[in-house]
Structures are given as structure tokens and as C-alpha cells.
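**Q** Go by the hints and put chain B onto chain A.
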Amino acid sequence: MKEVKLNTPLKEEDVRDLKVGDVVYISGYICTSRDMGHLKMKEVIENGEKLPVDLTGGVIFHAGPVVKKKDSGFELRVIGPTTSIRMEPHSDFIGNLGVKMIVGKGGMDEGTSKALQKYGMTYLQAPPGCAVVLGEKVEQIENVFWMELGVPEALWVLKVKEFGPLVVGMDSTGNSIYRDIKVNGKKLIEKMF
Amino acid sequence: MDWTREKLYEEIYNLIVDTCLTISPDAKDLLQQSLKKETNETAKSMLQTMLDDVDMAKKLNKPVCQSPGFGTVYVSFSDTALLKDIKEIYSQAIIEATKNGFLRPSMVHPLTRKNPGDNSGIGVPNFEFIYTLGQEYVEHILSFKGCGAELANAMKIMTTAQLGKNYEGFKKFVIETALAGGGKPCPPYAIGVGIGGQMDIACKLARQAVSIRDWRDSNPDPLMKELEIELRDKINSLKIGAAGIGGDTSCLAVKIEIVSTHTAILPIGISFHCWPARRGGIRIYPDGRKERLFLGGH
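Chains A and B are the protein sequences, given in the same order. Going by this note's numbering, the first residue of the first sequence is number 1, and it counts up by one from there. Going by this note's numbering, the first residue of the second sequence is number 1, and it counts up by one from there.
Don't take each hint at face value.
List time: in silico DSS-like cross-link candidates among lysine-lysine, alpha-carbon distance up to 30 Å [as the list claims (entries may be wrong)]: (1) B/Lys99 <-> B/Lys156; (2) B/Lys28 <-> A/Lys68; (3) A/Lys186 <-> B/Lys44; (4) A/Lys69 <-> A/Lys159; (5) B/Lys234 <-> B/Lys204; (6) A/Lys68 <-> B/Lys239; (7) A/Lys50 <-> B/Lys239; (8) A/Lys191 <-> B/Lys239; (9) B/Lys156 <-> B/Lys239; (10) B/Lys99 <-> B/Lys114; (11) A/Lys69 <-> B/Lys7; (12) B/Lys239 <-> A/Lys2; (13) B/Lys58 <-> B/Lys99.
Think of the hints as simulated: they come from the structure by calculation, not from any bench.
Bound conformation, chain A alone (with noise of 0.2 Å):
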């Protein structure tokens, strides 16, 4: 296990050199979504149109502020991870798109594992709940897109600095913590009765 900082863009061979276990503190740009998001991203795709922002190298947060308007803008009040199961079906499109991180919390299942190796990907685990300790990681809002699907369903660009901490719960060679967990824990059911 060892403690990495990187930047964004990030580069494949970065990701791939992470194993599960590993901490890590993104500085740079992050991009929040979450299952509109997800869907938006598609119909923008599939329109044959760009995305807002350039995604290659890029993060996907799955998570959606607390903000404050204020006369310009938005004030981000707290931020923190959500549950990514939800967007499990989007892995192998978002992979296409060229991000090479997605943070989270939960883990992702087996489509998401191929999608990470296929392309050099990794998923991260921020810590649940932790909004503001997150939040606090944020140096500001630089864009937000895509307001008519509402505050945590837009598309928040944030500026980041060290932003974690985060472990990797699914690497690129498909390992997943998660699913150790899950096989272990029948395992240990089938033996209490």
C-alpha cells in the first residue's frame, strides 16, 4: 500500500501503476455526476454533440454539493460521495470517454471491474459522509452545467486541491475489495449456521 498525490489530467500509466489499498489525493479538476448526469452525458453523446467539459485523463465524483447562491454564483457549502452502484450500467461509456478515475463510495460491480482494465481506469473510495472534510478540499466552483436537472444532478466542475483522502477499491487489473468482502462473507455466513 502506498500513499500517491497526483494530478489532473492523469496520465494511464499513473492509474494503472495503482493497486487497491493505495491512498490517493487528486489535485487539479474534478466532475461530479450521478444518474442523470450519467444519462445527460449519453444523450449528448448519442446527439452526435461535444460534452461541456474535455473528460480524457479526467474524474468523475459521484456525488452532488450543498451550495449557497450567491450574486456570482454558487458558494460550495459541503460535498461528499455517493452511493455508485446506481451508475454501474455507465462504466464501459465513461471509459470510452477517456476518464481514468471514478470516485465514490460502495464499490461497483463486475461490469465496472472489466471497464477499469479495459481502460486503465481505477475506482476510488472516498470516505462516506465526510462532506465537509471533502468540501473543505475544494478550492471553488469553476463551472457548473446542466442546472435544469437540479443541484446534485448537475454537472459541478470543481478545482481540487489534495482531495482525499481516497482508497482504491478496484485497480485496473481487477482486484475489488469489495468483492473480496462479498466472497469472503458467504463464506463466513455458510459456517454461523
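**A** Then chain B, alone, in the frame of chain A:
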């Protein structure tokens, strides 16, 4: 001093804001105990980050977690005079707290997914009214429970045959649900289990158990007490851990509530409560006094 609507509104607004800003003292105490016992380094760092988050939320006057879930208010009362237009008051106060940056506007139409942007909406927040004959005060307990936790919830109508010897079928259902939930419900969590009644009753009991009980209390029913401890320990032995990436504690408490049921069925509802236990309460007395509950989590 009488309770005017303005005064009640102010108390309820403050209750909503204070409830978002911290976690209840029982949850904080159990998190601290878990950190002391934890042997997994990653889990230790996650637990420490959670406790840091609670401290920073207080210092910075910010909500402890971004997700307020679907709020429920448990109201116990005898005399209705102190209720006033309680539903309207909560609805307005939630909209104001949202505008002021304490709650994220998370409420959407269930089918169109349209977000009005201020947490207004049909049935928001949810109310459970508990008629308690002779109770001099009105008690409100407000619970904001993250909805990631809902993704791990389960409901099953079991049968007598499935219950098995030593309630093993029931125990296995709860433990398998926890394993399937993994890190989704923001471990270390508490689990509410409702047993009996019919589908609706078991599910409501499950949420109520984990929303209004002290997570450190001891069930007065000896069988339920034994089951609560056994289930908690067995779930922890799965090593799901804080954040769901391994560790000694994923379950801070199991809380079981029961009612009788029909001889043909065994309804079981399971409701997870994420570690950010945003719970607050207030007792309103007819003479103008008030008493806050679930304080001290700072």
C-alpha cells in the same frame, strides 16, 4: 408564555438546522469506541476522518453530510393544541434551511425526476404521528437519514418454515442483507429491524427503531436484546468495515422492534442508518417551556 406560530416556527427551523450540523451523541460515542478497537489501518483512517468531519462541521457551521435523505418527523402528542399547522411549518422551514445552505435540494418527483430546487414536494417531510394519551408535552424527533442507506434496505414476508430453529432463517436474512449492502449504507451504520404486522408495519417499525432509539440502549425484551447483540456481532465478523473496504466495525448497533403478526406470515423490514445520525428532538410544553433532545453530539 404561549406558543405562537412564529415561536414554534423559529424553534422548528433551529431544530432542522442544528440537526443537519452534527450527529447524535450516541452515534459519536460508538464511532469513538470503534476507532479505539479498530485493528485495520485503512478503517482507522476512515473512522478518524468521520470524527474529524463532525468536528469541522461544528466549527464551520456546515452540514455534516451533503445528503439529508428523506426527512421524517416522529410526533408524539396527546393534546392537539400544540401541533398547530405543523406540516406547513416544517415544509416552510425546510425550504428556508435549503435556501440558507443547510440542506441540499434533493427532493424530486418520483417519476418525472423533476427537482423543484427547494426541497418542496408532495409528502415532504414525512410525518409519523404517535397518539400518546395523557402526555403533557408534544415531542418532535426529526431524522435525516441518507438515501444511500436505503439502497441496502430489504423487506421480506417470511414463513414459519423459513424461520427455522433458533430463528436462524431470520438471522440469516438480516446478515445476508448486511453483506449484500456492503459499503452502500455508509458503514459503520446502525440497523433497524421491524418484525411483525404486515409489510407496511414491519418497514415503518424498522425505520422508527433506528431513528428514535438511543443506539446504545438495551432492549427491555430479553430475547430482542440477545438478538440485537448477536446480529451486530455476527455482521461485524464479516469484516465489511468502516466505509466498506475492510475493518472490524461495520455495524454500530442493531435495534429491533416487534408487534404481533398473523399466524400465516412473518414480515421482516430492515432499515440501515448511515453513520451521520442526524437526529434532533424537541419537547414543547403547554406553559411555553421547551426541551431539546439528542443534544451533545458536538
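**Q** Compare the structure with each hint and give your call.
**A** Here is what the structure says about each hint:
1. B/Lys99 <-> B/Lys156: At roughly 39 Å apart (the allowed maximum being 30 Å), B/Lys156 and B/Lys99 break the hint.
2. B/Lys28 <-> A/Lys68: holds, 28 Å
3. A/Lys186 <-> B/Lys44: holds, 24 Å
4. A/Lys69 <-> A/Lys159: Satisfied, since the Cα-Cα distance of roughly 18 Å is no more than 30 Å.
5. B/Lys234 <-> B/Lys204: The hint holds at about 24 Å.
6. A/Lys68 <-> B/Lys239: violated, 39 Å
7. A/Lys50 <-> B/Lys239: violated, 44 Å
8. A/Lys191 <-> B/Lys239: It holds: about 15 Å lies between the C-alpha atoms, which stays within 30 Å.
9. B/Lys156 <-> B/Lys239: holds, 25 Å
10. B/Lys99 <-> B/Lys114: The hint holds at about 18 Å.
11. A/Lys69 <-> B/Lys7: holds, 27 Å
12. B/Lys239 <-> A/Lys2: Holds, because 22 Å separates the two Cα atoms, which is no more than 30 Å.
13. B/Lys58 <-> B/Lys99: Holds, at roughly 19 Å.
When each numbered hint is compared with the structure, violations occur for hints 1, 6, 7.
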